[in-house]
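A.B. asks: Chain residues, written in single-letter form:
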Amino acid sequence: MAGEDRPDEGTIGGPRRHKGEDVIDHPRARLSAYLDDALAPNERAAVESHLAACADCRRRLSELRATAALLGALPDIAPRRRLTPRLAGRPAWLAPVRTLATLASGLSVFLFIASALLANMGQLSAPAALSAPAAAPADGRADAPSRPPELKTAVPPGPNAAAAPAPTAAVARGATESGEAAHAARSPALGPSPWLWLALALVTGAIAIVLQRRLRSPL
Amino acid sequence: MKSSDGESERAPLVVRARDGDARAFEDLARGEERALYRHAARIVGPGPDAEDVVQDSLLSAWRSIRSFEGTSFRAWLFRIVTNRALDRIRARRRRPELPLDPPEDADVIWAEPAAPGPELADIASSREAQVIVEEALRDVPEEQRAALLLRDVEGFAYEEIALMTSVEIGTVKSRIHRARVAVRNALVARGWRGSAG
Chain B
0 MAGEDRPDEG TIGGPRRHKG EDVIDHPRAR LSAYLDDALA PNERAAVESH
50 LAACADCRRR LSELRATAAL LGALPDIAPR RRLTPRLAGR PAWLAPVRTL
100 ATLASGLSVF LFIASALLAN MGQLSAPAAL SAPAAAPADG RADAPSRPPE
150 LKTAVPPGPN AAAAPAPTAA VARGATESGE AAHAARSPAL GPSPWLWLAL
200 ALVTGAIAIV LQRRLRSPL
Chain W
0 MKSSDGESER APLVVRARDG DARAFEDLAR GEERALYRHA ARIVGPGPDA
50 EDVVQDSLLS AWRSIRSFEG TSFRAWLFRI VTNRALDRIR ARRRRPELPL
100 DPPEDADVIW AEPAAPGPEL ADIASSREAQ VIVEEALRDV PEEQRAALLL
150 RDVEGFAYEE IALMTSVEIG TVKSRIHRAR VAVRNALVAR GWRGSAG
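Residue numbers (numbering that gives the first Met the number 0), protein chains in the order written: chain B, 0 to 218; chain W, 0 to 196.
By construction, these hints were calculated from the structure, which means they are not laboratory data.
Ideal Cβ positions, reconstructed from N, Cα and C, are used throughout, including at glycine.
Possibly wrong hints are sitting among the right ones.
Stated by the list, open to error - Facing chain B, a subset of chain W residues (Cβ under 10 Å, in silico):
(1) E32
(2) R33
(3) P45
(4) Q54
(5) S56
(6) A128
(7) R137
(8) L148
(9) D151
(10) L162
(11) V166
(12) E167
(13) T170
(14) K172
(15) A188
(16) G190
What the hints assert, rightly or not - Chain W stretches covered by chain B per the calculated footprint, using a threshold of three residues with CB under 8 Å from any CB of chain B:
(17) 34–41
(18) 174–185
To be verified - Computed beta-carbon distance windows for the label pairs:
(19) B:A205 with W:S165: 18 to 28 Å
(20) W:E8 with B:W194: 57 to 67 Å
(21) W:E158 with B:I76: 20 to 30 Å
(22) B:A54 with W:S63: 46 to 56 Å
(23) W:R65 with B:A44: 38 to 48 Å
(24) B:P191 with W:D51: 47 to 57 Å
(25) B:I76 with W:F67: 24 to 34 Å
(26) B:D55 with W:V14: 17 to 27 Å
Here chain W stands alone, though its shape is the one from the complex (with noise of 0.2 Å):
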């Protein structure tokens, strides 16, 4: 998993860092300011609120570099850039939308293809394939995008998204799940289905 990866080899920087070594932290930050970059785009959009929110939160994660006690530094500087993008979402708008999370039960839909397409796992490289999911990331609600971005683009285990998002397990589960089938039905919806071998 991502979320595992470099961790070991980065434990003697954080605790530099947290004694205060500021060159070690600016190592640990460049390391990961690509990946906190383009979760918060996906989160606020591309462009100079993005790199605000990454820049804000690493300026924010250094000066509370003490408080840092968890096992994963990486896991740590994406709670704060996902706080901190997502909050930049709700600032933008006048009235939150409420709920934010439909009843864990509520029933998903699940679109179905007109007509039978090529694969889904045969288009995993496909350009166009690439664009309908990003066109379809921008639709799901940012909880739960955030959340599918953290599994599947970060590779964060659920556990951890719960802690870094503050919710039960269970409401995770239905976030990933939710985002997951609405990315799908924007690929099923241009025809492609998967196998059922």
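Okay, chain B solo, but in the shape it has when bound (with noise of 0.2 Å):
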């Protein structure tokens, strides 16, 4: 069978022609090839001159040029969300500065329990030392200046015992801070108020969480 077909004539679905037959061969297998303009010169020359004498086959070429207009007129299905990633809303700098973001969280936190612990001890440790800051607030800020020499006694060595030696300055910061010298005559070495780095914890987690989200995300 295969030797009595002519190769370049496949005819698919249509009948067959032999040698010494006189079967119409019908290029049907070609038909949209020919209709896309895919077919090589020779093979389009003879399915042009198959179809100006058959009207079966221009029929089926014309059913197979509407189906292809019909398909190319399908309305557009639209997708229910931005597709394209954003992707030049991700600048190089983020992923850097979310894991700086996450250790200054880190560090804060833990500046935050040590200057609460250090701060607990130093209550527990010094009660005596307590009695003369606990009586400054008290007294209100005008008596502060009067009382200079009290106010440098309530400072334990430490910090301020650098201000010992300049009796001026813890004059003029026993005017002004006078609040805050006794209390960090409570807390020797802590400097700001643990409230302070729970604070900066809690503002550089919030940076670091927003940065990995906008990492994460691909849209």
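Using the hints, put the two chains back together into the complex; each one sits in its own frame.
C.D. replies: This is how it looks when you write it as structure tokens:
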């Protein structure tokens, strides 16, 4: 059979012409490629000459053409969300800043706990020192300048020891920051208030979370 | 043809995207995302699956943008989306259907109308015809369907489709023809006929 078929005229779905027979060889299998101008010139010419003589193949061709036109005119299907990843909105500094914010948040939490513990220890280990500074805020700000020596004695050795050789500085400090000085007396080595560290931890933690979400989201 | 539309206008953006300009890539992708979605939706079905296919494809395209060396950026995107969509459909099946392509010269069955109806050329804008076409497409094997969509909906040339789907051009011809005849059969089954003129 294969030897009898003309190899360049595959006749899918149509009667095949054998040697000596006069059966029309419909080039139906090539109608789509003919329609799309995807045939070699000799094949195209063969289909054209057949179409000129065959109303059945012309009708099939027109059906395929109408089908292709219908497909091309199908209404659009729209996605329900944006599908293009937001790549440009993700600058290179995002990841390092996220890491820094995370570390800063962790450090702040550590400092908060450390300073809170130190404050408590200060309170427990120096009850005597507490009595004088406790009085200072109670006396009010107006009294503070008149009692600089008392304030000076209330400050234990430590970070404030440096102020001792300079009484004038201590006076000025006592005049304006008597409350803080009293507070510092209770917590010798912690610098700012523990709550400041907590606030810093929350802020840097929030920044880290926001940046992380931005890095994670594909959109 | 749709496939060459704006390709030259896109060229500078493509160059910038290849150099790592994310904004240029976004502009290019945004211009195609609807077309990519409708293509994916007609292969895997509309909804989140098709959206994921397009989104994943665009991310993958961005990551491998340096490997793009062709002339048509649009064809490149459609190649990625088509392959991902076909992978998605195959992954849904427990058993892949074999063989995927019948021999090229296997018979294509042409349905004949029971009674002559309106001519196909007259119904191109008919809503009913569109529904029939969409339904008929769903029954066409996915490789054939993808090839037909790339041709008739997206306007790609046979050579481009062959490259995009990694098959011989003879296979592309066969797939497009089979799929088109299947859709034609669905229409003819409703009584429509082409004209012999």
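A.B. asks: Would you mind marking each hint as holding or not holding in the structure?
C.D. replies: Results of checking the hints against the structure:
Interface hint status for E32 (chain W): upheld, as the beta-carbon distance to the closest one in chain B is roughly 4 Å, under 10 Å. Hint status for R33 (chain W): holds, given a least beta-carbon distance of 6 Å to chain B, under 10 Å. Because the beta carbon of P45 (chain W) sits about 5 Å from the nearest beta carbon in chain B, less than 10 Å, this interface hint is met. For Q54 (chain W), the suggested interface contact is upheld, since its CB lies about 5 Å from the closest CB of chain B, less than 10 Å.
A cut of 10 Å between beta carbons decides the hint on S56 (chain W): the least distance to chain B is about 9 Å, and the hint holds. Because the smallest distance between the Cβ of A128 (chain W) and any Cβ of chain B comes to about 6 Å, under 10 Å, the interface hint for this residue holds. A hinted interface residue such as R137 (chain W) counts as satisfied when its beta carbon comes closer than 10 Å to some beta carbon of chain B; here the least separation is about 13 Å, so the hint is violated. A distance limit of 10 Å between C-beta atoms decides the matter here; for L148 (chain W) the minimum to chain B is near 8 Å, and the interface restraint holds.
Annotation: D151 (chain W) was flagged as interfacial toward chain B, and the flag holds, the nearest CB pair being 4 Å apart, inside 10 Å. Among the interface hints, the one on L162 (chain W) is violated; its C-beta lies about 14 Å from the nearest C-beta in chain B, farther than the 10 Å criterion. With a cut of 10 Å, the hint placing V166 (chain W) at the interface with chain B is violated, because the nearest CB-to-CB distance is about 14 Å. Taking 10 Å as the C-beta cut-off, the interface hint given for E167 (chain W) is violated, the closest approach to chain B being about 13 Å.
At a threshold of 10 Å, the smallest CB-CB gap from T170 (chain W) to chain B is about 12 Å, leaving the interface hint violated. For K172 (chain W), the shortest C-beta to C-beta distance to chain B is roughly 5 Å, which falls under 10 Å, so the interface hint holds. Given the 10 Å rule on beta carbons, the hint for A188 (chain W) is violated: about 12 Å separates it from the nearest Cβ of chain B. Interface hint at G190 (chain W): violated, since its Cβ lies 12 Å from the closest Cβ of chain B, which is beyond the 10 Å cut-off.
Requiring three or more residues with a Cβ within less than 8 Å of a Cβ of chain B, the coverage given for the region 34–41 of chain W holds, as 5 such residues are present. A count of 6 residues in the region 174–185 of chain W with a Cβ less than 8 Å from any Cβ of chain B is obtained; the coverage claim is therefore met, three being the minimum. For the pair A205 (chain B) and S165 (chain W), the beta carbons lie near 49 Å from each other, so the given range of 18 to 28 Å is not met. Take E8 (chain W) and W194 (chain B): their Cβ atoms lie about 59 Å apart, and the range 57 to 67 Å holds.
Take E158 (chain W) and I76 (chain B): their Cβ atoms lie about 27 Å apart, and the range 20 to 30 Å holds. Checked against the hint of 46 to 56 Å, the pair A54 (chain B) and S63 (chain W) passes, with Cβ atoms roughly 52 Å apart. The given range of 38 to 48 Å is respected by R65 (chain W) and A44 (chain B), whose C-beta atoms sit roughly 45 Å from each other. Distance hint for P191 (chain B) and D51 (chain W): a CB-CB separation of about 49 Å, consistent with the stated range 47 to 57 Å.
One distance hint, 24 to 34 Å for the beta-carbon pair I76 (chain B) and F67 (chain W), holds here, with the actual separation near 26 Å. At about 52 Å, the CB distance of D55 (chain B) to V14 (chain W) disagrees with the hint of 17 to 27 Å.
Hint compliance for this structure: hints 7, 10, 11, 12, 13, 15, 16, 19 and 26 are not met, and every other hint is.
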